[in-house]
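Novice: Got chain A; can you put chain B on it based on the hints?
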Amino acid sequence: AQSVTQLDSQVPVFEEAPVELRCNYSSSVSVYLFWYVQYPNQGLQLLLKYLSGSTLVKGINGFEAEFNKSQTSFHLRKPSVHISDTAEYFCAVSDMYGGSQGNLIFGKGTKLSVKP
Amino acid sequence: ETGVTQTPRHLVMGMTNKKSLKCEQHLGHNAMYWYKQSAKKPLELMFVYSLEERVENNSVPSRFSPECPNSSHLFLHLHTLQPEDSALYLCASSSPRGPGMNTEAFFGQGTRLTVV
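In order, the protein sequence lines correspond to chains A and B.
Take the first sequence: its letters are residues 1 to 116, numbered as in the working numbering.
Take the second sequence: its letters are residues 1 to 116, numbered as in the working numbering.
Think of the hints as simulated: they come from the structure by calculation, not from any bench.
Below, simulated DSS-like cross-link-like pairs (lysine-lysine); rule was C-alpha separation at most 25 Å, straight line: (1) A:69 x A:58; (2) A:49 x A:111; (3) A:108 x B:40; (4) B:40 x A:111; (5) B:41 x A:111; (6) A:69 x A:49; (7) A:58 x A:108; (8) A:115 x B:40; (9) B:41 x B:22; (10) B:41 x A:49; (11) A:111 x A:58; (12) B:41 x A:108; (13) A:108 x A:69.
All values reported here derive from a predicted model rather than from experimental measurement.
The following block holds chain A by itself, in its conformation from the complex:
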């Protein structure tokens, strides 16, 4: 079974500052990793994913994440945030071998609040 821990429930930051949203996971098998974003009153939208290859993954809206297998982490970063990045961000894992039919296991989410 897999689990995901997002250490920060809320992250306030000023516009144009850098931000890092932390995600750690646990799993007995290899996993795929995802970050989703949810804007108010919307569903979830994929930001980026790690399946294999380079551990640094670039996504939409200037976000990137780095897979660190030894630390079982997949932290999300952006060098300069905008007001429009205010949203809730979810880290998720999926069993690479399809043992759970590809079900995504989500963290509790981190609310990013960008202030002017």
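Specialist: Same frame as chain A, but now just chain B:
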């Protein structure tokens, strides 16, 4: 627009009512999911349908009843709900699973359900 459409977007129902949530996707996916998103709790997987067969039921109360008549449509039938069932219900779809074939899930915008 993710290609997954949910209706209605908002629903208020009494505890004795019967209603249904609808989800539709035309992405060529044949796995569909219902998730429940409550305040202060992680996204909870409720039901998974793969190739129109239900493959997982995470001990969801019987007052929630899913139906998947074909690979493009998914319903969640609701009856005699409780106030604690008030939440955002999200539908998602994904491609068939298999080694190396994992893809991300695409989410609808959700139905905001309020039980009074």
